[in-house]
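Number of protein chains: 2
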Amino acid sequence: MALIVQKFGGSSVANADKVRNVARIVGDTYKAGNDVVVVVSAQGDTTDDLIAKAGEISAKPSKREMDMLLTSGEQISVALLAMALGELGYPAVSLLGWQAGFQTDSKYGAARIKSVETARLQMEVARRNIVVVAGFQGICKYDDMTTLGRGGSDTSAVAIAAALRADRCQIFTDVEGVFTADPRKVKSAYKLDEISYDEMLELATLGAQVLNNRSVEMAKKYNVELEVLSSYTNKPGTIVKEDTALEKMLVRGVTKDSDCARISVTEVPDVPGEAFKIFSKLASKRINVDIILQSVGRAGTKDISFTVSRANAAEAAQLLVGVDGIKPENIVIDTTVAKVSVVGAGMETHPGTASKMFEALYNQGINIQMIATSEIKISVLINESEADRAVQAVHSAFFAE
Amino acid sequence: MALIVQKFGGSSVANADKVRNVARIVGDTYKAGNDVVVVVSAQGDTTDDLIAKAGEISAKPSKREMDMLLTSGEQISVALLAMALGELGYPAVSLLGWQAGFQTDSKYGAARIKSVETARLQMEVARRNIVVVAGFQGICKYDDMTTLGRGGSDTSAVAIAAALRADRCQIFTDVEGVFTADPRKVKSAYKLDEISYDEMLELATLGAQVLNNRSVEMAKKYNVELEVLSSYTNKPGTIVKEDTALEKMLVRGVTKDSDCARISVTEVPDVPGEAFKIFSKLASKRINVDIILQSVGRAGTKDISFTVSRANAAEAAQLLVGVDGIKPENIVIDTTVAKVSVVGAGMETHPGTASKMFEALYNQGINIQMIATSEIKISVLINESEADRAVQAVHSAFFAE
Chain Z
284 MALIVQKFGG SSVANADKVR NVARIVGDTY KAGNDVVVVV SAQGDTTDDL
334 IAKAGEISAK PSKREMDMLL TSGEQISVAL LAMALGELGY PAVSLLGWQA
384 GFQTDSKYGA ARIKSVETAR LQMEVARRNI VVVAGFQGIC KYDDMTTLGR
434 GGSDTSAVAI AAALRADRCQ IFTDVEGVFT ADPRKVKSAY KLDEISYDEM
484 LELATLGAQV LNNRSVEMAK KYNVELEVLS SYTNKPGTIV KEDTALEKML
534 VRGVTKDSDC ARISVTEVPD VPGEAFKIFS KLASKRINVD IILQSVGRAG
584 TKDISFTVSR ANAAEAAQLL VGVDGIKPEN IVIDTTVAKV SVVGAGMETH
634 PGTASKMFEA LYNQGINIQM IATSEIKISV LINESEADRA VQAVHSAFFA
684 E
Chain B
284 MALIVQKFGG SSVANADKVR NVARIVGDTY KAGNDVVVVV SAQGDTTDDL
334 IAKAGEISAK PSKREMDMLL TSGEQISVAL LAMALGELGY PAVSLLGWQA
384 GFQTDSKYGA ARIKSVETAR LQMEVARRNI VVVAGFQGIC KYDDMTTLGR
434 GGSDTSAVAI AAALRADRCQ IFTDVEGVFT ADPRKVKSAY KLDEISYDEM
484 LELATLGAQV LNNRSVEMAK KYNVELEVLS SYTNKPGTIV KEDTALEKML
534 VRGVTKDSDC ARISVTEVPD VPGEAFKIFS KLASKRINVD IILQSVGRAG
584 TKDISFTVSR ANAAEAAQLL VGVDGIKPEN IVIDTTVAKV SVVGAGMETH
634 PGTASKMFEA LYNQGINIQM IATSEIKISV LINESEADRA VQAVHSAFFA
684 E
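Protein sequences appear in the order of chains Z and B.
Going by the numbering used here, the first sequence opens with residue 284, and the numbers climb by one from there.
Going by the numbering used here, the second sequence opens with residue 284, and the numbers climb by one from there.
Be aware that one or more of the hints could be misleading.
Heads up, the list lumps identical chains together, so a pair's fine if it works in one copy or across two of them.
Stated by the list, open to error - Below, a list of computed lysine-lysine pairs in the DSS-like style, where the Cα atoms sit at most 27 Å apart:
hint : residue 1 : residue 2
1    : K503      : K474
2    : K503      : K314
3    : K301      : K336
4    : K503      : K343
Since the hints were derived computationally from the structure, they do not count as laboratory data.
These numbers come from a predicted model, not from an experiment.
Make the full structure from the sequences, and use the hints.
This is the structure in structure tokens:
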């Protein structure tokens, strides 16, 4: 008998039929002799509907009250799933985040989990109840509702799996697992059986959008074995764990991330400390910078380019005006770029990976604007209009068609 | 500076405009220098919508899970009202039932309040926050959500007023107060300035439907001064309190209750214990009996008639078959009856009240089927089709046109 944590997102419980489908999956797992804790998100568009309700009242509602409002969403879905399980004859009990022991800090809207007090969870599991837990939410020291931010239900599931030392944490999605590339774009893309935490983290960061990044980081930290699988097909998914048996494999996947903008700052004085001033200014406003490139500019100056998410581009540019005499005309924003990356733990020992990627892009006549590498990935910034073609070409270069 | 508890029902917060209207009323009370605690119900049809959602999943869902589901409704409305107050510049904080200290028993769906732990409420009031509390809900000793049953938000408001020793508890409704008769039916009906708890209780029981009965009982027990008033007109309502200055007034109101059915049982053996057997049988199934009338029947038998709510009529009749040889043909159900009552604390010292009422009915040619009296009311059972005319006639007899 194993203890399995299962997580279902909002689209998996969007209506009564889908709730029943989830109840069947959960029930089958329980019937096979396992203890089961299920984490669910709010139904379908509930969260967006609630945000719209708040918008009718206030353009900038209090974050505390937003969390009070939004946490009602999962409350509805846990009650309905527990009812559906009861209807199938399974003993089930629903718990809100705080009832399941989620203690967080008081950063409303983006709270971090401080601990999961498992007494209630353990009691319910010991009674052989299927425990249905509201994801995305917790309670802070003031006894106020908090939310973990968007995508937080994955994190809730991993946190429970870690706290209960569950045997596996299954994240159900609408895809069958982690693919070597977006299967809607690249026909020859195929599902990976296994992937390491680090590779998964790179893929998540790079826009694969299968798993929330925080949840993978937490899974890695507490060594929780994850499985990403579909709630619609009864097939094994992709296992995410520390070490995989596929060390020989060079590249695990090719991804595209269109949510990036390139900012170029020209004629920056070529003296020490300039980069520090620029990036500490951005960090003070919590603007994440991704690829950074510095090059020699005109006499006595240098050019610094970097990428940020598109939502942050305008603010980032504005912040830099005035930093050590940077003028508006020295700043150029380009929002027509995309980042294409190859990810794979094996590549650090295979120096040919980068050249293979560049060759594939060259053969397509695609110009590379920036390059960034880490131990397990190589990213290039290119024109967004060429990104899908780039992914296809790079995927073909690394994976047999 | 006074401490005022205000309660707004679901129709008063049904949409963003109405929430804003409530925020204005609450804000005006606060701005006048008062401390304010506001209790709100779920928005408009939210509770019914949630019940429908549960109905799609299960014909008989677990009561615990129903409470988990339904308590999300007030969670939405308290957050929205707190946001609307914030938008008007008032400091406001929303609290769920359990955060506001509502400890209940574990009778899910119809829980009773065991205590209100006021620490959090008092802290928020002391900080000069407007405290917005979710009505209708609490938490039981297992840390599970509970609901107080329909209409429970009135009770929540009175319980808070009692626990905080508030100066007044204002119940906002869509009527301007308590009237001498239904103003939609009786043109000359007028609003009472004051009424006693006992009179209000009789009026509530008799179908005036202005205030939930449990809340009036609790207000009487803890001597909480209630005011029933409209959330749409800025006018004083009706004060409900222990002693009123209007002792001379004979009758406070005339009411009609159509939700009654008369059951007549004939040829019951005329021996001791028969009434006990009949009514204990009904009590065992929690069927409330209202007016009871016993008369001499045919040789050696007696007839027993009583009224129950229409929903209970068929079950009550069925239960009695077989009790001491009662046969189906001895039982007659009449669902075309209505109860008309006059209520007023002064009437017990004025024996003329009954005859005045009967005279008014006689003048209209209305036949009285049953009569019941208490210290502060006289009720008659008549044909339902004549009830509105009866109310009009009785009202004219007691109140100047």
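Here is how each hint holds up against the structure:
1. K503 <-> K474: For K503 and K474, only the intra-copy Cα distance (21 Å) is at most 27 Å; the inter-copy one is 69 Å.
2. K503 <-> K314: neither (29 Å within a copy, 54 Å between copies)
3. K301 <-> K336: Both. Shortest intra-copy (25 Å) and inter-copy (13 Å) distances satisfy the 27 Å Cα cut-off.
4. K503 <-> K343: neither (36 Å within a copy, 42 Å between copies)
Comparing the model with each earlier hint shows violations of hints 2, 4; every other hint is respected.
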